[in-house]
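Modelling step: build the complete structure from the supplied sequences, incorporating the hints.
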Amino acid sequence: MQKTLIALAVLALSAASQAAPAEEGVPLHPINDARYTITTDYVHESGKTDQLKSSGDGVALRGRVDIPLAQQHAIRGEVGYQYLDSDVKADGEKIINDARNHNMDVYSGYMFSPSGFKNGGLRVGGGLGYSHGKSNVHGHQTDPDGDAVDARADNLYMKAQVEYEQPLGSGWSITPWTDAQVSLYRRVKEQYTQIEYASDGKYRQNSYNLGLGMDVNKQVGADTSLSFGSYYRYTHDKSTSFTHEGANIDVPKTNRHSFGVRGGVRF
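Here the sequence shown stands for residues -19 to -1, 1 to 248, numbered as in mature numbering (1 follows the signal peptide of the UniProt record, and there is no 0).
Errors might be hidden in some of the hints.
Computed Cβ-Cβ distance ranges for the label pairs, DEER-style [to be verified]:
1) 228 <-> 30: 17 to 27 Å
2) 96 <-> 70: 42 to 52 Å
3) 96 <-> 127: 25 to 35 Å
4) 113 <-> 29: 17 to 27 Å
5) 103 <-> 150: 16 to 26 Å
6) 166 <-> 70: 28 to 38 Å
7) 109 <-> 234: 22 to 32 Å
8) 175 <-> 70: 15 to 25 Å
9) 113 <-> 34: 19 to 29 Å
10) 126 <-> 201: 49 to 59 Å
11) 79 <-> 128: 49 to 59 Å
12) 228 <-> 100: 58 to 68 Å
13) 205 <-> 179: 23 to 33 Å
Straight-line Cα separation of at most 25 Å, PhoX-like style, residue types lysine-lysine; simulated pairs [stated by the list, open to error]:
14) 219 <-> 29
15) 170 <-> 115
16) 183 <-> 115
17) 170 <-> 70
18) 234 <-> 70
19) 219 <-> 70
20) 199 <-> 234
21) 34 <-> 183
22) 70 <-> 115
23) 29 <-> 183
24) 170 <-> 234
In short, the hints are calculated from the structure, not lab data. Just so it is clear, CB atoms sit at the ideal spot from N, CA and C, and this is done for glycine as well.
Structural data, given as structure tokens:
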């Protein structure tokens, strides 16, 4: 699956570059003609790791900017922060209560739009991103002597994305979208010193995720629109193993499903 996602990302970038016509169009002012989007999200996430099941709710703040290089070409930048409170159950019994999960994300990539970025239509592209996440679970165990530990993860990833903005008239438009992310280098650190190990555990883990959503936009000014929508994201962290202080430790796979609704402004 991971190789398939890498191939799709490469194909998306290749298609974007090959679709560009020889005529670049009238150059745009990179700042005055940039488009910015700021949203606030409500997120619900559920996950499964072996016999452990997690469920959490939280909020996210996201920003996006498309800076045009010409009528049909742009650099896209994204930044986001997500916070979740989550519980974990084992065989139906709660073992983690209100764990704190934080994730920060930055992304930069290229986008191609045959009809121009302010005229709706197809947009396709891809690029590279970096995320940093941390889970604070050790102090939220229902059993103070439990073996759950806090963790940190750093992830360098590649993303391909496709969206299509369709005007509906009277200032309304819809934008269905999809994206695929695959990790290039993901490193996890678990604080084993919290459970009497001499050092923390560190290992690499492969991961990918797929997103699908729909945004609705309503123009309220010459260059301003309200934007709201919903989305679904599936994330898969692959199983792995590593050696720590002479012992072989297996890390099981994790599957997560996220559902979100968001609202904001585009200008």
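Cross-check of the supplied hints:
1. 228 <-> 30: 17 to 27 Å: holds (20 Å)
2. 96 <-> 70: 42 to 52 Å: Because 49 Å falls inside the window, the suggested range holds.
3. 96 <-> 127: 25 to 35 Å: Violated - the Cβ-Cβ distance for residue 96 and residue 127, about 56 Å, lies outside 25 to 35 Å.
4. 113 <-> 29: 17 to 27 Å: This hint holds: roughly 24 Å between Cβ atoms.
5. 103 <-> 150: 16 to 26 Å: holds (19 Å)
6. 166 <-> 70: 28 to 38 Å: holds (32 Å)
7. 109 <-> 234: 22 to 32 Å: holds (25 Å)
8. 175 <-> 70: 15 to 25 Å: holds (21 Å)
9. 113 <-> 34: 19 to 29 Å: holds (25 Å)
10. 126 <-> 201: 49 to 59 Å: holds (56 Å)
11. 79 <-> 128: 49 to 59 Å: This hint is violated: roughly 19 Å between Cβ atoms.
12. 228 <-> 100: 58 to 68 Å: holds (60 Å)
13. 205 <-> 179: 23 to 33 Å: Violated, since residue 205 and residue 179 (Cβ atoms, about 57 Å apart) do not stay within the stated range.
14. 219 <-> 29: Holds, at about 12 Å.
15. 170 <-> 115: holds (9 Å)
16. 183 <-> 115: OK: residue 183 and residue 115 at ~14 Å, within 25 Å.
17. 170 <-> 70: Given that 25 Å is the threshold and the Cα spacing comes to 22 Å, the pair holds.
18. 234 <-> 70: With a Cα-Cα distance of about 17 Å, the restraint between residue 234 and residue 70 holds, given a limit of 25 Å.
19. 219 <-> 70: Distance ~21 Å between residue 219 and residue 70 Cα, so the pair holds.
20. 199 <-> 234: violated (41 Å)
21. 34 <-> 183: Judged against 25 Å, a Cα distance of about 23 Å means the pair holds.
22. 70 <-> 115: holds (19 Å)
23. 29 <-> 183: holds (21 Å)
24. 170 <-> 234: Roughly 16 Å between the alpha carbons, so the hint for residue 170 and residue 234 holds.
When the structure is compared with the earlier hints, violations turn up for hints 3, 11, 13, 20 and for no others.
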